[in-house]
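As a plain string of letters, each chain reads:
There are 2 protein chains.
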Amino acid sequence: MKKYIVTIAREHGSGGRIIGKKLAEELGIAFYDRELITLTAKQTGLSEAFINDIEDQKPSSLLYSLYMGTYIPNVYDEAYVAQANLIRSLADKESCVIVGRCADYILREYDNCFHFFIHAPIQERAKRITEEYGEQVKDPAAAVKKWDKKRSSYYNFVTQSQWGRAQNYNLTIDSSIGLDQTTALIKDYLKHSGVLD
Amino acid sequence: MKKYIVTIAREHGSGGRIIGKKLAEELGIAFYDRELITLTAKQTGLSEAFINDIEDQKPSSLLYSLYMGTYIPNVYDEAYVAQANLIRSLADKESCVIVGRCADYILREYDNCFHFFIHAPIQERAKRITEEYGEQVKDPAAAVKKWDKKRSSYYNFVTQSQWGRAQNYNLTIDSSIGLDQTTALIKDYLKHSGVLD
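Going line by line, the protein sequences match chains A and B.
Per the working numbering, the first sequence runs over residues 66 to 262.
Per the working numbering, the second sequence runs over residues 66 to 262.
So here's chain A without its partners, still in its complex pose:
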């Protein structure tokens, strides 16, 4: 079977990471989420905590300053570039599922690469982060909104597009039909597109 890549972007609490992991297991292909952080940390010599936090930071206006010839790399840009290169090298190597990290944008020119966005109503996400993820926060709904804000700011800045805009993805799914059902639907999509039998 030809190599194929699945990227999954997700609202916090939508179950996107769980869906990605389950999908990779069922398809028998590699899964990259936290692993990206560990690998990028190893490559750059930066700490995992620092790499983990780059999604919360806007890189400096990297593209603009590259264009203007005035680029002076800073440590956030360096971490972003290292991570983007890592994502490309993984996608070159093998079929895999990659969660988050603007992978849909980084791999936008890749063949046989399919992009999914998982979302869910706020009440459901607030419930999941406390009951399933075990997050201890005072106001769960406010916490997921804060995460959305961070992820969208980072994505919008890096890609100059909009996080959660339907046109950026092959399929976007409201996971409130259930995480197993959402996983099955992604497989249905891959079947209809001829990637899976």
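By construction, these hints were calculated from the structure, which means they are not laboratory data.
Be a bit skeptical, because a hint or two may be false.
Copies of the same chain are indistinguishable here, so a pair counts whether it falls within one copy or spans any two.
Calculated cross-link-like contacts (lysine to aspartate or glutamate; reagent style EDC-like; alpha-carbon spacing at most 20 Å) [to be verified]: (1) K252 / D262; (2) K68 / E90; (3) K87 / D253; (4) K211 / D118; (5) K86 / E159; (6) K256 / D245; (7) K158 / D176; (8) K214 / D204; (9) K86 / E197; (10) K68 / E174; (11) K67 / E91; (12) K107 / D142.
Assemble the complex: chain A is given as a structure, and chain B must be docked to it using the hints.
Coordinates of chain B only, in the frame set by chain A:
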């Protein structure tokens, strides 16, 4: 089987109307697209051409002026309200597929109502409007962009949300996997959500 409603919003040239019609046929339920225009025209006494064009016009700031108690109905508002009431009465009556006309927003509080958004890359849409829809335009890519602009302005104004924002829909699909495949995927969704066997 319990009554269920499917709404389909679509980018011009994405094949959304064809998909909706095919879906309704395969499910054996009613299909409303142009029919909404004919029915609204009959109810209001306005011409079909006028009703057809309301999506190109922003209704006056209806909600705001209702709130302020300063509402003086104009003919666009009247047509919008008549059409919204018609959509609700159809959804009350029977299972159906409704294309366009902000039906997802109008029926947002309805049970067993599922919202889909169909999009496709611009080159594909430009090709479809000339080769399949037979539209004669100088610059097909510019023409579909102009339609997108009209539909999104109308939707964004009426709903105070964003047309094509993943979170407004149960599922958004890039129809470049094929119109039959996209139709099948919508049916897959309805199966996973327990609406269809």
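Against the structure, the hints come out as follows:
1. In this homomeric assembly, K252 and D262 come within 20 Å of each other (Cα to Cα) both inside a single copy, at 10 Å, and across copies, at 18 Å.
2. With identical chains, the CA atoms of K68 and E90 are at most 20 Å apart within one copy only, with a shortest distance of 16 Å there and 36 Å across copies.
3. Proximity of K87 to D253 under the C-alpha cut-off of 20 Å is found in both arrangements, the shortest distances being 14 Å within a copy and 19 Å between copies.
4. For the identical chains of this complex, K211 and D118 are intra-copy neighbours only, at 14 Å inside a copy versus 40 Å across copies, given an alpha-carbon limit of 20 Å.
5. When the C-alpha separation of K86 and E159 is checked against a cutoff of 20 Å, the pair qualifies only within one copy, where the shortest distance is 16 Å, while the shortest distance between copies is 40 Å.
6. In this assembly of identical chains, the alpha carbons of K256 and D245 lie at most 20 Å apart whether taken from the same copy (16 Å) or from different copies (13 Å).
7. With identical chains, the CA atoms of K158 and D176 are at most 20 Å apart within one copy only, with a shortest distance of 13 Å there and 46 Å across copies.
8. In this assembly of identical chains, K214 and D204 lie within 20 Å of each other by CA distance solely inside one copy; the values are 15 Å within and 38 Å between copies.
9. With identical chains, the CA atoms of K86 and E197 are at most 20 Å apart within one copy only, with a shortest distance of 15 Å there and 41 Å across copies.
10. For the homomeric pair K68 and E174, the shortest alpha-carbon distance inside one copy (15 Å) is at most 20 Å, but the shortest distance between copies (43 Å) is not.
11. In this assembly of identical chains, K67 and E91 lie within 20 Å of each other by CA distance solely inside one copy; the values are 17 Å within and 33 Å between copies.
12. For a Cα distance limit of 20 Å, the shortest separation of K107 from D142 inside one copy, 16 Å, qualifies, whereas the shortest one across copies, 61 Å, does not.
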